[in-house]
Every structure is written in structure tokens, then in C-alpha cells.
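Make a model of the complete structure from these sequences and hints.
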Amino acid sequence: MRFPMKIVERLLEGVFKMSSSITSIVILLIIIFLFKEGFGLFRSPVVENGYGLYINSKNPIADINPTQIKQIFDGEIDNWKTIGGNEESIYLFRFDEIFSIYTDEELGENYQFLPQKLNNIIAENSNIIAFFPKKYMQEISSNTKEIATKNIEITDFVLGKEWLPTTTPSPLFGIVPLVLGTLLVSFLAILIALPLGLGVAIYLSEIASNRVRGIIRPAIELLAGIPSVVYGFFGLVIIVPIVQKVGNISAGETAFTGSLILAIMALPTIISISEDAIRNTPLALRESSYALGATQWQTIYKIVIPYASSGISAAIILGIGRAIGETMAVLMVTGNGAVIPHSIFESVRTIPATIAAELGEAPIGGTHYQALFLLGCVLFLFTLILSIVSELISKKQTSKTA
Amino acid sequence: MMIEAKNINFYYGNFHALKGINIAIPANTVTALIGPSGCGKSTFLRLFNRMNDTIQNTKLTGECLVNGQNIYDKTVQVDDLRKNVGMVFQKPNPFPKSIFENVAYGLKVNGISDKKYIAERVEQSLIAAALWNEVKDKLHQSAFALSGGQQQRLCIARALAISPSILLMDEPASALDPISTSKIEELIHELKEKYTIVIVTHNMQQAARVSNKTGFFMYGELIEYSDTKKMFLNPENIQTQNYITGRFG
Amino acid sequence: MIRSKNIQQKIAFHIFRLLSFGILGILVWILGFIIYNGIQVISWEFITSYPKEGMTEGGIFPAIIGTIYLVIGSMIFAVPLGIMSAIYISEYASNQKWVRFIRIMTNNLASIPSIVFGLFGMALFVHTFGFGDSILAGSLTLGILIIPIVIRTTEEALKAVPESYRLGSFALGATKLQTIKNVVFPIAFPNIMTGLILSVGRVSGETAPILFTVAAYFLPKLPQSIFDQAMALPYHLYVIATSGTDIEASKPIAYGTAFVLISIVLTINLLAGWIRRYFEKQNSI
Ligand SMILES: Nc1ncnc2c1ncn2[C@@H]1O[C@H](COP(=O)(O)OP(=O)(O)OP(=O)(O)O)[C@@H](O)[C@H]1O
Ligand SMILES: [Mg+2]
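These protein sequence lines are chains P, G and E, in that order.
According to this note's numbering, the residues represented by the first sequence are 1 to 402, in order.
According to this note's numbering, the residues represented by the second sequence are 403 to 651, in order.
According to this note's numbering, the residues represented by the third sequence are 652 to 936, in order.
Warning: the hint list may mix true and false statements.
[Said to hold, decoys possible] List time: in silico EDC-like cross-link candidates among lysine to aspartate or glutamate, alpha-carbon distance up to 20 Å:
1) K661/E <-> D455/G
2) K656/E <-> D516/G
3) K656/E <-> E503/G
4) K748/E <-> E13/P
5) K827/E <-> E13/P
6) K661/E <-> E206/P
7) K827/E <-> E9/P
8) K510/G <-> E287/P
9) K656/E <-> E206/P
10) K810/E <-> E13/P
11) K117/P <-> D104/P
12) K832/E <-> E9/P
Keep in mind that the hints were calculated from the coordinates and are not lab data.
Here you go:
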């Protein structure tokens, strides 16, 4: 009778133990899948998949990078000399132009003459740069050479100043504008939320009567419970027009607008953690301060706040982490211009907003898709680091109290 | 009289913590308050720098006089009173600041900003607290780097810096080792010249060693108050006798 | 005598009071804006009918149903795992290093942005497991998102049960499992419930994790199986507020959707608070 009971106990303990590793397994899986998909980007060619860039073999240029490709195809660079070649204007040739030069007959019924014609065009023009599908360029004549055959490099991603994931021939996946946008919006949000949150935390823990506290605390809890998409909606309908009118700008969807909304969203975290930190200041320290003739306010800012500073820093870091990862609200109110921001009254695009806005349209497994997963990795690392730092800080606080 | 209590009653909510206390403490003496735990010694001590004001839901009747002035009078500013009545707590509790800043704190919060004067006062106070020689080379290090006994002397220096005339000490040596304790006792002996000291202690020998007068509290009442010598050799009250000889508490 | 330090204190405290009531004001503003505009749209029909005319008219029935499915799905997945995990940590685990490790992992998981869960869910459930955009994939993704909340609240609830109850039960010869089942769990139950209810609130409001795992722009009929896509309230609000066929015309629908969403979340919050207080009172008697 007792024997099977024991087995059940053992068995369940095993099950419990196994489930306790669920969070570790999930984190491991997240790392594996995010990085697996993301790092595929560095195994993809610079030029759009299935296409190649070809020049005349007399052209001394050996290779060009993605940014140069983009500038050439935008007409910003129109001379080979600019990128270290001969003094010769660049002759841009896109694949579809072939059909205005040769008739369908000349190209053959199944385009069987097309590869040869393409090679001819390249051979005849020493200053050409041609963007052709790879399948027509299987045999390259000695007059032709392919350039930009390298894979996308980490530096293109990490140091790239432009995020143009859908331009041809070579999309640009520079995360600098996105990182700057994310940091700008998040830090500004904390800058707004910190004094507010600290003030409220002081009020609640030091000044407010129990009755007032009983009203404001639940209100803050409610604020924390409102879904971010509702904040986004509120921001879009109410805050955006206000910013537009007050700032006298053409569009109210700016970094500043995003920061305002994020600040409101970060307040509950900052308030509750700071309040805990303030409350944990030993009574003896306060009383010693009062005993020396200090007022309550002097005691707060000279003794309590410094004492609680590590707890408050933990709150700040946690708040920044939340802000950096916040998606929907920011997506809805910042305008999402993927350029390096010059002022807080310009539109910006954050990393999470980029993922949310673009993943739906990115072809699965393509470079754009991979780049978005890589953004996910960056975001994951950001928040992981911040969470670890905040944990270390609050541990310092606990050891100080002990 | 430096300190006087006239028919004091004190309540924490409904709890009657001090019952009809009358006492008069002369200047430049050390008065020890003794009695079993929970009898109201700390409560009584804290009345004289109005520390109980910070506790909610309390009630006080009777008069507390310092230098003949009722300190609960509306015209009295609490911070003026506290500048005049310093306090040292049971556990050493330096602020999380440097040694220098700890001592300078009381001056700064009271609006003094003259750097030279502050530096002078810090030095004088540390000398008076018999700590100067030990810390003069590390004034700008954290106060937490000091030993427990040094920290407590720092807290005394901190209290002396704002030049009080009265020092209230609530079991100032109970958290310290014997050597640190005797240093504090020596210090009290010296400070008596300039300050009026009221000290709460659980240590009967300590009370006998350092004080001129002793008050014995029980259940919120002041049972006996007289010269320390008389109290320990020939107490009037049987309860006092029992307590002192260890038959009670 | 009036002192500058007292004036300073007065000013500072006034500012703090103002800030605190300002926050109250912000809450009232947001709720007021949504309730005021939403209440004019809301009706029985709005709740029970399908969207019409490119979502500029009609109701939000499929979005409500979709959100309910997602809540149920994610809870089925997260609650048993989370509770068992917490029971192990607080009742069984003797290896403190392992406990610390789990706790760090749980905290880290909680700090990961929800959009990253969306990416992960898409890569693992939608593509690798081949569930496609489906209620299953979405529920699993959301479930992972709330596991840390379930673990943490359950752990706290268990920890709040005094050790003496356990010892008393052991003294009567009960086994560990019996003690947990008959003594610890019943006492901790209200607090665990509160945590679960709060995670329901979280699930019903999340948008980013469902963007690429389940959410559909518009579906003419309700999902028939766990492998179907579903509409959901938060995603619906996002879509009609930012990229509907006619944003101005669908604004009332957006207000209505926001109203329903907020009502659910508020109800859940109030319910959680009420349950906590109710049981606190009962326990204190
Ligand atoms: N803040 C407070 N609120 C309610 N009751 C209190 C408070 N502080 C003290 N008391 C009560 O008042 C009585 C006297 O306390 P007090 O601290 O003055 O005693 P004490 O003589 O200093 O004791 P000890 O020797 O243990 O320090 C005690 O019964 C205590 O429980
Ligand atoms: Mg005491």
C-alpha cells in the first residue's frame, strides 16, 4: 500500500524538477533560434539573391561595398574615380534596359541569345556597371568580371549608417540609425519619467496619508496594467496632435512623442522600485538626521535618496530596459523614419518597431528576414545586459542593508 | 534646572507609556535612567528632543522644560531645540558618507556654509569625541570603514558639532565590546564638564560608574530618582532595591 | 522666524503632491478618453457581430473570441508548468545554486521584450514545428511570455505560507506531497489565483508576440481548430488605428475596441485586487 505512494512521490518530484528548468530551456531556445536565423545574414551575398553586378574586365575596380553600390544606383556617385577607378563616368545598366536595345527576335525565342548579348554590352562599354540575373550570366566572357561577390559583413551591419532593407541591387542593413533612435527615445523617456517617478515615490512613502496612498497606489497599478497598444492608440489620437500643435511642426509623430508615452509607461516600474528602496532606508538613519535639526526634506535628499541610490539606479536601468524593448506604443507614435535623428522633434524608428513593421513583408529566409532576426538578437542582448546590471546593483543594495 | 518634567503622561494610541513623571535634572551632570525593558526609558528620553513627534498617533500631557522653556510650546522651533539637544542612539549609525561629511552634516543642514568654520568645527568635535587622532588622516574615507566603537564616537562627534548643551544617549554602549565601552564611558566623563548628559543604560555598573544621578523607571512610572551613590547603596524603594540587586527584571 | 529650509521643504512637498495627483490625472485622462468615446460605440450588436465594410462598420466579435482562445490556450500551457516549477523551487529544491540559477533565468526571461518572443515564436512554432500562423503557435508564444509571472507569483504565494504549517503536517506523518496538496497549496491558493488573473490581463493585452504567430487582419469566420489563425483585440485595435482601409471612418470601431480591451484589463485588475483582499480578510480572522 505504501510502496506505490512512494513511487508517485518520486515521480512527481521528478516532473516538478523538470518543469523548473523550463525558463532556462526557453532562454536557450531563444538564443539558438534568434542567432541561427539572424547570423544567416552574414552568409548572404551583398547583392540581392539571384542577381550579380558585372563590369568590364578592363575596369581596375576590384570590389565595391554595399553603400557604394547604393550610391551608384542612386546616381550620387557618377564617376569611377570617386571610388578609386579611372576618370570615367559610370554607365549604369539595368537588366530591363536590354529589351529596349534588342528586339524579342534578336534575343531568341527562349532568350537563348540573351546571355551572349549581355556579355557583348559589357564588353563594348568599359565604363559600364550592369545588374543582371545570375541565371543569364552562367558563362562569363573574358571581357566581363563580376564584382561585389562577397557576403554581407558584420561591420556593414554594426557600423552601417543606413537601413534600407528593400533597395536593389544591394539592400543596406546598417543598424546605427535604429540603435540611435532606440536609445534616444528610451533615454529621453527615462529622463522625463525619473524626476516624476522619484517625486511620486517620495510623496507616497514619506508624505501621503494612508487614504491618499490608498487611492494613488491602485491608480499606478492600473497604469501598469494598460496594454501598450492602448497607450499607442491614446498617443496617436491625443498626444500626436498636441505635439504637432505645440511644437509647430508638420508631423506630431516624433521621438519626443514616443518618449512621452514611454515615460508614462515606465512610471509604474520606477515608482514602485524607488518606493521600496526609500522605504528600506533604516529608521535610525532618518532619526539621526532629524536629531541634528534637519528637516524631513533635507533628510530625504541628503540621506534617504543617497542611501536608496542603488535601488533607484536599478529602477532606472530596468526602466530603460523596458523602454528599449517596448514595441507597439512606439511603433504607433514615432513616425518610423529610419534615419539618424538630429533632433527630438524628428521621426525616428526603434529596433522593436522596425521588427514589428517589417517582418510581415520580409520574405521568409531572405536577407531582410535574417536582418530582422539579427535586430532581435541585438535587442535580446541589450535587455539581457541591462537586466544583469540591474540585478547586480540591487544585490549591492541588499548586501549594504544586511 | 537644565531639564524638567512636570507631570508628564505619554500615550502610544491607547497605550499609556509614561505615567505622571516629575523630574528635575541639573546642568553639567550625568543622569542615568535605568529600568526593565519596555518601561519607557527611551520614550522619556525622546521627549526632550521631540523625537516622538515623528511617531503617529501619540499624545502628550504635562510640561517638558529645557532651560525653563516649555519645548512643546508653539513658539519653539523644533530644529532650534534639536540643535541644543543632541542625541546618540543605541546602534552606531553613521550616514553613508565620509567621516568629515558625517560630522559636518548637522552644520550644513542648519544653514552654515562657511567652509573654514565647518572644517574647524569638525576637527574640534572629533577631538572632543576622542576620535581625532584615529581618523585625522582618513577624514574623507567612508564612515563605514571605522570599527563599531569608532563609529559610535563618530556619532557623538556628529552630535557635538552643532554645539548642543544637552546630550541624550540611549544605550550608547550596548552594542559595543568592553574596550570600546570603556572609551565611551571615559568620554562621557570628560563631556560632563561642558554638557548635561542623560544616558539610558541596562548596565548597572555603568550607571554607577558614569552618573551623578539615577532615575529608576518601571511600568511607565519613575519609581525613584536620587543621587547615584544613594540609589545604589541605600535605595528607598523596595522595587528599586530588587531591580538593582538583580532580583527583578 | 521663517527659515529657508522650511520653505524649501514646503515647496518640494507641494511639487511632489502635484506630481502624484498629476499621475492620477494621467490615468483619468487615458481612461476617460477611451471610456467616453468607447461608450458611444459599444452595444450588444458591436460585441456580437462581425466587422463589415472593410472594418469601418460592424462589430468585433471574432476579435473577442480570438482573444479568449489565446488566453485559454496560453494558460493551459503556462499555468501547470509555471506552478510545478515554483513548487519545485520553493518546496523541494535543496541545491541553492540551482535555485539561484533558475531565479536568474526566470528574471532574465521576464526582461526579454515581447517582440523578441514574437520572433522566437515565429521561428520555432510557426516555421520549425510547422504550426503555421495559428492559435497553437500564438498560445505557446504567449504562454512562454507569462511563465515567469506565474512562477514568481506562485513562488511568493508559497513562501508566504508559514513554515510551522508544514512542520505541523510532517509531524502528523504526512508526506511532502500530501503536505503540499493538503496544507500548503490551499493556503497559498488565493495568492496564486491573483497571479494567474494578472497574467490573463497581460495575455489579453499583448500585441507584439501575436503579430507573426497568429493574428489575422480579418477573418470571415471563427477559427475552427487550433491550427487556424485568429483575430485578437489588441491587434485589431492596432490595425484599425494605423492601417485600416479608411482610418477616419473606422475610428469609432477603434474606440469601441479599445473600450472592450480596457474593460477586460480593468476588470481583471480589480478582480485580482478583490480576491487578494477577500482572502486576506478571511485569513486574518
Ligand atoms: N512607536 C511605538 N508605538 C507603540 N508603542 C510603542 C512605540 N515605541 C515604544 N512603544 C511601547 O512603549 C513602551 C515603552 O517603550 P520604550 O522603548 O520607551 O521602552 P524602553 O524602556 O526604552 O525599553 P528598552 O530597555 O527595551 O529599550 C513599550 O511597552 C513599547 O512597547
Ligand atoms: Mg529603549
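Holds or violated: are the alpha carbons of K117/P and D104/P at most 20 Å from each other?
Roughly 12 Å between the alpha carbons, so the hint for K117/P and D104/P holds.
With the threshold set at 20 Å, check whether the alpha-carbon distance from K748/E to E13/P stays at or below it.
It holds: about 18 Å lies between the C-alpha atoms, which stays within 20 Å.
Need the status of pair K656/E, D516/G: alpha-carbon distance at most 20 Å?
Holds. K656/E to D516/G sits at ~17 Å (cutoff 20 Å).
Check whether the Cα positions of K510/G and E287/P lie no farther apart than 20 Å.
Within the cut-off at roughly 17 Å; holds.
Given the hint that K827/E pairs with E9/P, does the C-alpha gap stay at or below 20 Å?
8 Å, holds
Starting from K832/E, check that the Cα of E9/P is at most 20 Å away, please.
12 Å, holds
Is K810/E close enough to E13/P, meaning Cα to Cα at most 20 Å?
Holds, at about 18 Å.
When you check the alpha-carbon spacing of K656/E and E206/P, does it fall within 20 Å?
17 Å, holds
20 Å Cα cutoff - pair K661/E, D455/G
18 Å, holds
Given the hinted pair K661/E and E206/P, is their alpha-carbon gap at most 20 Å?
13 Å, holds
Holds or violated: K656/E with E503/G, Cα cutoff 20 Å?
19 Å, holds
Run the distance test for K827/E versus E13/P: straight-line Cα separation, threshold 20 Å.
10 Å, holds
Violated hints: none; the structure is consistent with every hint.
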